[in-house]
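Going line by line, the protein sequences match chains A and B. Numbering-wise, numbering that gives the first Met the number 0 puts 241 at position 242 of the first sequence, and it's gapless, one number per residue. Numbering-wise, numbering that gives the first Met the number 0 puts 105 at position 106 of the second sequence, and it's gapless, one number per residue.
Just so you know, the hints here were simulated from the structure itself, not pulled from any lab data. Certain hints may be false.
To be verified - Below 20 Å or equal to it, Euclidean Cα-Cα: the simulated DMTMM-like pairs (lysine to aspartate or glutamate) are:
| id | chain 1 | residue 1 | chain 2 | residue 2 |
| --- | --- | --- | --- | --- |
| 1 | B | LYS2 | B | ASP116 |
| 2 | B | LYS188 | A | GLU207 |
| 3 | B | LYS188 | A | GLU227 |
| 4 | B | LYS205 | A | GLU175 |
| 5 | B | LYS285 | A | GLU227 |
| 6 | B | LYS2 | B | ASP22 |
Stated by the list, open to error - Rough simulated footprint, nothing fancy, chain A against chain B, three-plus residues with beta-carbon under 8 Å:
| id | region |
| --- | --- |
| 7 | 5-12 |
| 8 | 184-192 |
| 9 | 204-215 |
| 10 | 249-262 |
No residue lacks a Cβ here, since even glycine has one placed at the ideal position from N, Cα and C.
The lines below spell out each chain.
Number of protein chains: 2
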Amino acid sequence: MGKLLIVGTVAFDAIETPFGKTDKILGGAATFIGLAASYFKTDAAIVSVVGDDFPAAYLELFRDKGIDISGLEVVGGAKTFFWKGRYHNDLNRRDTLATELNVLADFKPVVPRAYLDADLLMLGNLHPEIQLDVIRQMEKRPKLIVLDTMNYWMNHTWDSLLEVIREIDVIVINDEEARQLSGQYSLVKAASMISAMGPDYVVIKKGENGALLFHEDRIFFAPALPLEDIFDPTGAGDSFAGGFSGYLAETENISFSNLKNAVIHGSNLASFCVERFGTERLLDLKELEINARLAQFRELTQFDIEMK
Amino acid sequence: MGKLLIVGTVAFDAIETPFGKTDKILGGAATFIGLAASYFKTDAAIVSVVGDDFPAAYLELFRDKGIDISGLEVVGGAKTFFWKGRYHNDLNRRDTLATELNVLADFKPVVPRAYLDADLLMLGNLHPEIQLDVIRQMEKRPKLIVLDTMNYWMNHTWDSLLEVIREIDVIVINDEEARQLSGQYSLVKAASMISAMGPDYVVIKKGENGALLFHEDRIFFAPALPLEDIFDPTGAGDSFAGGFSGYLAETENISFSNLKNAVIHGSNLASFCVERFGTERLLDLKELEINARLAQFRELTQFDIEMK
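In isolation and in its complexed conformation, chain A is listed as follows (with noise of 0.2 Å):
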């Protein structure tokens, strides 16, 4: 079991979605992965920040996972980040109705001591400049880096996106953000190119249709589990990057039939994430839950093919 340091937003969201709408419910980028990781044995901490509007029984359910929070800053008379969005009625396709900045417009992320030495740094979705900020105070270089990254930054801090891509060994992205990072269409020429930039493995979320990881001349696929009904796809990808960080982190093995596993992993938990708004799913999952989906994703993708 290793050490895993997460950064990313913990948030406020209101979400929309054509099944129902929601007040300010818990959000953010490193509280979807830190929940999904919370189901790998792992020992996590979440480095982020919210204001003194944040209710304490949301930090109490950090804990109860088993989440260090020491490097969640709570600042005093201001507000916590708040996401406001609305989806079409295929749930490929959202409107942010609201982006609400407050403390993380001068975000300074500490991480806390004991987290120094983590064996998997998980940079969730957030300003490049916070993500090098961080990677530049580990006091030894972890074994494993993995970015979440998204379009914004593409268009507005290209540079130190750049930066930060140079430093790290696993990009986790979406196909348009694959392609608009590249200048290709093909994901497969795309993550050649990504490849190149930096990191050693390149993994392009395509949402309902899977996940792709790229690895050398190397790839593997991950289909997204088919649902009956998805009712809201808020956090599934960071819930993907949580089961797949967590996981690794676990297992501490970074060999490529290991992040095959890994993606799989990451492709469980987001399909528990998709069936309730926000982290309502990812709450208190039961390891049979767990287990009995991984059996379904193998039924779902094995087959045993004679060679003539």
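Got chain A; can you put chain B on it based on the hints?
Frame of chain A; chain B shown alone:
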């Protein structure tokens, strides 16, 4: 090795992609299905129609591939079915620039006597009344009837289409067609609704996003092989149907696990088809190439995860 009877169009296609354009070249659903199926040990025949503008060299090509064309009617003084289309830059959408039914307008299929007891009947995309006509001609009920169809028939010949769907065992359609046919957005629900209309097996093709096989409460997924370049998607779906039905005719085993393999073989043949214009790539594949790519499918999808 079983008898495989293929019904569908034999046509001229004129294709424009972002990478080039063709004059009239060999095309049509039955053509792609037959060529893809020819890589399996079957006794295959095509039932279709062409005009006397159809080159003898193309007829010879079918014979060279071991495909019986005694049921391919050549109508004197008439022209072969012609389709012209142009693909958008992403290759996922296309505009039909011309459709000339010609000989297809009055086509009355006649199943050759030697194939009235075919083991597998593959109904390529065509007017449902023609598909029904062929089913009625069979002397004994084939062990498996596979149907490919498209949204055009849902819009224009709904009742006949439903009648065909009642008669068949496997339906092969794309995701948008499955949604239109069922009125369900979720593909899991769509497959369940469609299965209730008749077929025991529902295959939903998602183009570059792979294909799903549904049977009772079981689901199997095969990705499309990630390719550096897709040159021309024309015939990919039909090549899938050809690989699928060719493999099943060869193995004569219609268990779920063998249908999984058939989906992989279909995806494999489709991955070759899209590498060149029209049928070009399907004309002389080597067994080594086909097996090497099957190994790629295995590497792409197989993992070995330990349950806790």
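Now for the hints, and whether the structure bears them out:
1. B:LYS2 x B:ASP116: Since the Cα atoms of B:LYS2 and B:ASP116 sit roughly 8 Å apart, the hinted pair holds (cutoff 20 Å).
2. B:LYS188 x A:GLU207: holds, 15 Å
3. B:LYS188 x A:GLU227: holds, 6 Å
4. B:LYS205 x A:GLU175: It holds: about 18 Å lies between the C-alpha atoms, which stays within 20 Å.
5. B:LYS285 x A:GLU227: Not satisfied, since the Cα-Cα distance of roughly 41 Å exceeds 20 Å.
6. B:LYS2 x B:ASP22: Outside the cut-off at roughly 34 Å; violated.
7. 5-12: violated (count 0)
8. 184-192: Since three or more residues must qualify, the claim that chain A covers the region 184-192 of chain B holds, with 5 doing so at under 8 Å.
9. 204-215: holds (count 4)
10. 249-262: Three-residue rule met by the region 249-262 of chain B, so holds; n is 3.
Violation of the numbered hints given earlier is confined to hints 5, 6, 7; the remaining hints are satisfied by the structure.
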